[in-house]
Amino acid sequence: MNAVESRLEHIRGRVAPKSHNARTIAALTSNPGCARRAIMDAAGVDKQRLAAYSGFPAPFGQSQFAITRGNAFEAQVKANGCAELLRLLREHLGLSIPEVSYDDLNDVGGNTGLVVRHVRTRSLLARAVNSGSDAGTLFDHPLLRLQVAGRPVFLEPDLIAFQLGGRFHVVEIKSFAVIDGQADGDKVAAAVIQSAVYVHALRELLAGHGMAEDAVADEVVLVCPENFSNAPTAALLDVRKQLTVLRRQLARLASIESLLDVLPADLTFDLGMDDDGVPSRSPAELRDAIFTVDARYAPECLASCEMCFLCRHEAQGRTETLGREVRDELGAIDSIAAVLGLADGTLAPADDQAEAAGLLRAAARLRRECTGEAA
Amino acid sequence: MTAEMEALERRMDSLQAEVRRAMVAGDRDLARALRAELNECRSQWEASLTELEGQAPEPAGSHGAQGPILPVREQVHQVLTLLGAPAAPKLVIAIHDALFAGLLPGARLTSLRRDEERSFRSAPYARPYYICAALTAELLSPARGLLAVSTWPMDRRIVGPLSPRVDFLTAAIRVAERFRDLYRGNSGVSPESRRLLWRFAANIPRAAQSASTINPDEIIVAARAELAVHERADSEQRAESALRARAQLDDAEQLFGTGLRLSRLTSADG
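Residue numbers (this note's numbering), protein chains in the order written: chain A, 1455 to 1829; chain B, 799 to 1068.
Check the hints yourself; a few may be wrong.
Unchecked claim - What follows is a set of in silico ranges between Cβ atoms, one per label pair, in the way DEER data are often shown:
| id | chain 1 | residue 1 | chain 2 | residue 2 | range |
| --- | --- | --- | --- | --- | --- |
| 1 | B | K888 | A | S1550 | 25 to 35 Å |
| 2 | A | G1604 | B | K888 | 35 to 45 Å |
| 3 | A | S1683 | B | D979 | 47 to 57 Å |
| 4 | A | A1529 | B | R982 | 26 to 36 Å |
| 5 | B | Q1046 | A | A1529 | 28 to 38 Å |
| 6 | A | S1550 | B | R925 | 43 to 53 Å |
| 7 | A | D1634 | B | Q1046 | 50 to 60 Å |
| 8 | A | V1780 | B | R993 | 29 to 39 Å |
| 9 | A | V1716 | B | K888 | 51 to 61 Å |
| 10 | B | E851 | A | A1529 | 51 to 61 Å |
| 11 | B | L901 | A | D1729 | 48 to 58 Å |
| 12 | A | K1695 | B | A834 | 53 to 63 Å |
| 13 | B | R992 | A | I1633 | 39 to 49 Å |
No wet-lab data here; the hints were simulated from the structure. Virtual Cβ for every residue (Gly too), placed ideally from N, Cα, C.
Isolated chain B, as found in the complex (with noise of 0.2 Å):
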């Protein structure tokens, strides 16, 4: 393991200096591809830096206040597990920001189903999980902006036109539980974590009354009552398109999505 790393410690060297030559020479084409390289060889040295890390005995207070205790993946995978739905990388911020330890930087969410679609593709289920995509109903594509896990049924991971509203209130649902079991008898609620439920609860009929009064028994009622309208119909309609996904999709496709297919779009338009 030490001696891989120091071979990529050296690769590293060689490739900053071959950047720097590249900028300098103003070959902007040859430095991209070199920084790509170099980061590959970054992140490979962090992941042995990592499994090092996990062989090392445990010092006494190793981990700083700061720096995130986790991998982000799962750091994310731990909030989505929460939600038991697919979520958008603000909400998925912040409720770990509230509800977990740590810090999740969001400048790496942005890569992160990229990430984990490269490393699916190189080796197809070398992980538990992933975190991928979820999949629009009726084109079966990477629906935007919104994280999943690859270990959840197809049908959860399917959004329809009912489903953002669906899965907003299944996520109230979860995060009003964890604070029922969290604080129970115990009034030390963090202002963060009250914004954060009073966000879900303004947004539905009769959770709340003001920000002061929310209690999270009432937010579930309210949540579950209004779910209770939506979900039939949703639920019938994912379970349709998780059916043709897994028909029609390959492996990858059926984690990441899958691009426009035009002659279906045109000839379902007529």
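Looking at chain A on its own, in the form it has when it is part of the complex (with noise of 0.2 Å):
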């Protein structure tokens, strides 16, 4: 163990790390410039028990409902031999007719361990890989590994095709509506950024294989009911940007030393558990640990975070709870009262405050105009 992995151990605490899955990695993504998400996921620290220890809990996680329908959906399109996929690529992507192969990769011989199933996976890819045309085309849950912040983690996704113009696509199965042509942008924008970290993690587990990465399709194949009924459709999605964004994001997980160099040597996040599971850390003094580590808060975080609400606590009174446009927008001033104080003039600016003072006096000058108050 190196000195970074003993450091990150140390801020976890005396708990089992934490294991990332797509949707986790995904999230990774939203906020690149936030360090305390950065530290806290290559920790493997668990944020929800932290956000609810320290007194501000967050309602995380997918619904029990969205759950069931989802399964159910992916059942149905993947019934009899992926019957309905099948006449899908062939309608869409125009897959050929003798490409019908099927292997199931949700068990190994009845043995649904991880690292056999693993196994499994690279072994039949390889094959398909290296003997060509008849090896194989649709994956059933095949089980992917990436190495994120220096921990295996293992990915699943919902299959991969092979041999659509001699390549592998990964096919990801949703069970949100795609109603005349349209499916909910924020939806489709998650879909696109789990099927990127499918596609990253294939491209490493194939390049293990001597396969270039032109070997897996920039564009995944996403799967939902159409219109209000049960019957799937299939569209084509570009990953690129979100495989750039993604590759950063990785990296930066794995050069997580810069960050720590900034922090105290003592920092943890440990919840001081004693025997029965029960933590003994004040509430308080964790919340003061939390803090030492800068976050970057957004009103995006709500939607992507476990430590959202305590981000927002803390934000509270500056210009970021406003959103990332202003925040900008306003460089050096970082607090409402300096924005509002500077707008009315009763405030004066320091240097590097006086482009975005003259602007905002400006702006107080037009508004006042607008609205008709006295000067």
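Now that you have both chains on their own, put them together as the hints suggest.
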């Protein structure tokens, strides 16, 4: 174990690291500038627990109904040797008729162990790559592995289709509806970034077999119910942009050292659990420890991070609570009180605030003129 | 027979009381064991009851419209024999609902394979057939969520990479043939049956234009055309695995599959 790892272990405290999944990896990319999240994710901290104990529990996680619905739709699409999926791939993507081979990787001879399934996935995919045309087309729930912050993470895409134009395509089955050719933008964005995680993991795996990156397509196949029915429809989505962001963020996690350097050496998020699992550390003390790591709060965090309520509380009265755009516009001025003070002239601007202050005063004057208030 | 059943009834009564006492005392393990025993008694009792029913003279109008007429395993056997290929419980139920009389309770299918395996292991070959597992081609393990019939030749129960599609097409042909025979010159096809046929037709190239214009003959032709593409490669694979299964597995394993043999997987993997 090297110095960085032992440092992260100390930060996490005496609990097992929380493992990532495609969702959490995808969430990493939504706020790349946040050191707090980067440190916590690298250390494998249980953010949900930490947030709850420090007094700001976030109502996070997928609803049981959504999970059940998702599974039922996936089962329907994959029923009878992926009958519906084959039709979609043939109609939309020109999969040829002989390509129907189907390998179930949900278990290996009744064994559902992660390592066994990963080994089997690797050997089947390698065989498909090496023997060319007739060695597998559909791989159901393959298990991929990706190094995140120095730890292996197992990832399970819904399906990988091979031989679609001689390349691997990740197929993601989601249960939100595409109505009249349109789907909820946020949900599509989330699906795209998750698929990008799978594409990245698959490329890493194939790189181990000496395959070039373009063996895995930049485009993923998204399968969703069409309109108000249960009939599936498919669309191709480009994930190149998300892949770039993802790679950058994963590289950043790997170089967590530079972030650790500026933190106190005794920093820890340990809850001080006793033998019965009851935390003994005081919430206030824990909050102080969390505050030593800089966060970069933005309202978008509320959709993707367990620590969001704590960070929002911390950011109260500061410009970032108004959104990234406002914060960037106002540059060096970070409190809302200061902004208002500069605008109505009760506060004298420092040298680096002069430009922003001029703009603010102009804006305040315009506002007064519009609303007819006295100067 | 009746004396035996009376003994079972007394045993069930006392077991029920014991389960309750165990629950009250908070001893869950004991309660679970007792309940298992209770269930065992109950199924024996049910079996005896069915036998009694067979001996009794048939009273008029004894079959309700609702309850199953046949035991679940026979209903499943009927459907699988029609399909001629291993099938998932969901498909079995859909086909039973559309083509056969009575109800097939879905919940009973989940434990069917396990019950059959237990029955076979305690008294091998006591029944004329068993509802058993389909075997995966490579590892000869039971294929996830598929039911098959023990009297089929081994190669039909093997599931290789191409087999799910081949079995789907085979089933489509068999179902369409059945429809053709049932509704020959008769337009009274129920909406349920039409829906079932459409589920097959929609996913086979050039099998039907729309749900309202389904024609069993077209489905058969289209399915046969696609089947011809896959059939040879699939049957070669199946035959090879079947040979291996017969050589390597014992009787029970041939029907219900074998667990994972790690050494073989890792050696195959290099």
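To see whether the hints hold, each was checked on the structure:
1. K888/B to S1550/A: 25 to 35 Å: Distance hint for K888/B, S1550/A holds at roughly 28 Å.
2. G1604/A to K888/B: 35 to 45 Å: holds, 43 Å
3. S1683/A to D979/B: 47 to 57 Å: Since the Cβ atoms of S1683/A and D979/B sit about 31 Å apart, the hinted range of 47 to 57 Å is violated.
4. A1529/A to R982/B: 26 to 36 Å: Given a distance of about 35 Å, which is inside 26 to 36 Å, the answer is holds.
5. Q1046/B to A1529/A: 28 to 38 Å: Holds, at about 32 Å.
6. S1550/A to R925/B: 43 to 53 Å: holds, 44 Å
7. D1634/A to Q1046/B: 50 to 60 Å: At roughly 55 Å between Cβ atoms, Q1046/B and D1634/A fall inside 50 to 60 Å, so the hint holds.
8. V1780/A to R993/B: 29 to 39 Å: violated, 55 Å
9. V1716/A to K888/B: 51 to 61 Å: Holds, since V1716/A and K888/B (Cβ atoms, about 57 Å apart) stay within the stated range.
10. E851/B to A1529/A: 51 to 61 Å: At 37 Å between Cβs, range violated.
11. L901/B to D1729/A: 48 to 58 Å: The hint (48 to 58 Å, Cβ to Cβ) holds, given that L901/B and D1729/A are roughly 54 Å apart.
12. K1695/A to A834/B: 53 to 63 Å: For A834/B against K1695/A, whose Cβ atoms are near 56 Å apart, the range 53 to 63 Å holds.
13. R992/B to I1633/A: 39 to 49 Å: violated, 26 Å
Violation of the numbered hints given earlier is confined to hints 3, 8, 10 and 13; the remaining hints are satisfied by the structure.
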